[in-house]
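Residue numbers (the working numbering), protein chains in the order written: chain A, 1 to 202; chain B, 1 to 202; chain C, 1 to 202; chain D, 1 to 202.
Please note: incorrect hints may appear among the correct ones.
Same chains, same label: a pair holds when it works inside one copy or across any pair of copies.
What the hints assert, rightly or not - Each computed DSS-like pair below joins lysine-lysine, with the alpha-carbon atoms no more than 25 Å apart:
1) K20 / K5
2) K32 / K45
3) K129 / K32
4) K32 / K5
5) K129 / K45
6) K32 / K20
In case anyone wonders, no lab produced these hints; they're calculated from the structure. For clarity, every value in this text was computed on a predicted model and none was experimentally measured.
Number of protein chains: 4
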Amino acid sequence: MPNTKAFDAALAELSSFVAKLSNAIDREQVEKMLGMLMEAWSWGKIVLVVGAGRSGLVGRAFAMRLMHLGFRTYVVGETVTPGVGPNDLLIAISGSGTTGIVVAAAEAARRVGAKVIAITSFPDSPLAKTADHVVVVPGRAKTSEETDYFSRQILGMHEPLAPLGTLFEIGTMVFLDSIIAELMHRLGKTEKEMKARHATIE
Amino acid sequence: MPNTKAFDAALAELSSFVAKLSNAIDREQVEKMLGMLMEAWSWGKIVLVVGAGRSGLVGRAFAMRLMHLGFRTYVVGETVTPGVGPNDLLIAISGSGTTGIVVAAAEAARRVGAKVIAITSFPDSPLAKTADHVVVVPGRAKTSEETDYFSRQILGMHEPLAPLGTLFEIGTMVFLDSIIAELMHRLGKTEKEMKARHATIE
Amino acid sequence: MPNTKAFDAALAELSSFVAKLSNAIDREQVEKMLGMLMEAWSWGKIVLVVGAGRSGLVGRAFAMRLMHLGFRTYVVGETVTPGVGPNDLLIAISGSGTTGIVVAAAEAARRVGAKVIAITSFPDSPLAKTADHVVVVPGRAKTSEETDYFSRQILGMHEPLAPLGTLFEIGTMVFLDSIIAELMHRLGKTEKEMKARHATIE
Amino acid sequence: MPNTKAFDAALAELSSFVAKLSNAIDREQVEKMLGMLMEAWSWGKIVLVVGAGRSGLVGRAFAMRLMHLGFRTYVVGETVTPGVGPNDLLIAISGSGTTGIVVAAAEAARRVGAKVIAITSFPDSPLAKTADHVVVVPGRAKTSEETDYFSRQILGMHEPLAPLGTLFEIGTMVFLDSIIAELMHRLGKTEKEMKARHATIE
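This is chain A alone, in the form it adopts within the complex (with noise of 0.2 Å):
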């Protein structure tokens, strides 16, 4: 039998973790980010998102699945983001909620009259600040003190290694993944309908 006692105890916090999920997150703050999101589709507005590091792959896939539901959707800093305007959404993803190329998204996107929904552990960081609506999703225990990224990852610093250092990652896919499915649902999408839309090129 083996012995695998550090992964045992690790998938049996993650799993812990992800259950009090349900109670973390805050419905207010849900329910505002969703009628953000619904507005975005209504008027055809562009919906971005940004993050750095294991931040930004779980934006990523957030993206994908806004595509499929057909949100203007794009990432910021891959090749064809275009530029935003007023009501635009930028989703602006930092645990810490200090990570420098996120909050000067954030501070731009707000310049231009665009919307900034913040993902982030701490209300009260920069990016919080920055935002017009904050989500708290837990999981990061402490800030970084470089908040270049770039820098970071030059100087080879990173958040603190699993299990601790990826609660938030894991939370925050685990919650935009819900968020996918309440906007499935509030927009009267099916999987039979999208299959339909399929069936035509099979």
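Using the hints, position chains B, C and D against chain A.
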């Protein structure tokens, strides 16, 4: 009080899925994967990671963590990924086990003597059959019909939408983060030691 | 005085190659490509770009410029790339015209009624045969044996090294930037007008 | 006979620009850059590449070629980029020399004792002043006002459109490919030898 019923249901389903992962994942499979990773570490061998779409994002999150642990790790399709050779390791992630570029990558790796670990929901899939070792992570309900990822993107085909369609990716992210925790344990790395390494630059 | 003979020779060869491009590129082929792009613009159709390795980088540089001109443009393999349909346009770049994922992308696009323009050195290549229209850009000396890009990366295979191996990419970059210049002219866009658009945000 | 006047003019201007590069690039600067790269090779040091937007794409094309030559090379912002230390090398590309993330990366690299080579049109720019060594590649006409790349993307700001706006990137691509040719020469690598290495896997 906001009504976020579909959000709540998705969160509950994802949480229940993660809670069952510990029983669902075979520890013999985990142990063998850990052994192969430890060997790659000891011999300074390369660990390549490959996946398409959201599985690719989860794979990249894993590669980041391997790199933080000091592995020589690369992601197939990125800029600086080198060729591999005998006893290098390819971690190939595909829920359905049928994604064309992932299966082709596994076959190419085997051809030059590299070892392949498949992470998939389907132990009888083409990917699993190509691999030296398979770890089954549940979550993908059915296999895709179109196996070429770029073609699928062009055809607008994607896995069923949330919450069902994302169980495999979330399961794999949680699984791989737990693998990182066990590797940290086995490599004798502690957060503290790693901080000490970083302290020299602060 | 430094001796940089190989540097000087490469620079001279690249310069001579670029100087000959104007004669080498068929204006009827250019005109037809411009017509297809103008149609995509007029009808609000999507322009997808696909390429592997360095050709993929050149393709992305083109997509950036198309986006700046206001095209609805995406890069195959990036996060938010939507499916395409009838009369959307795929620009497929492959020097050899044999790269597997690029040919597969071209075939998928044709299947759903999208138009395909191949940019390649080989007018008889599989890619060229799949395409609705071919623009021949010289520079690639021979075709690759392994057609799957991910496999080629894993196998450590790449085009011959500089300067010979990069003529196609440099030729394509110069060619596509000249296409942008002509599109600007035809769309009646001037630097000045575009600056005026930006002035509102400064 | 098609009228592609703007296309022809752009092609002519780009060709004339490339033809003048050989005189425009200072061979002492080239020699010093080659020396720094050869030292990185000899000592097994890391060569990081950083750039934003189209300069980033050109940087990645260079990194691919360095990797093919056997350098330990990475691109800042990609998944598996490690931290650097004393005598590692950062190649920082920015036409204006003001792009925020590139300058920040250069500063971070200096802080840990890595060497920085700036590729820029402006020898008095912030990037050039941060660098250990500067190679001036002409082509960028003026400096940007907004220095944060992500902010520029969000604000829809970009360099002037073709052909003027792309001279720096094309010049840098031609320049860096010529650097690769000289490195091949100095490292005694020939196409033939490298093919022999590949033959073992075919």
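Comparing the hints with the structure gives:
{"no.": "1", "hint": "K20 / K5", "verdict": "both (23 Å within a copy, 17 Å between copies)"}
{"no.": "2", "hint": "K32 / K45", "verdict": "within (17 Å within a copy, 34 Å between copies)"}
{"no.": "3", "hint": "K129 / K32", "verdict": "within (17 Å within a copy, 47 Å between copies)"}
{"no.": "4", "hint": "K32 / K5", "verdict": "between (41 Å within a copy, 15 Å between copies)"}
{"no.": "5", "hint": "K129 / K45", "verdict": "within (23 Å within a copy, 39 Å between copies)"}
{"no.": "6", "hint": "K32 / K20", "verdict": "within (21 Å within a copy, 32 Å between copies)"}
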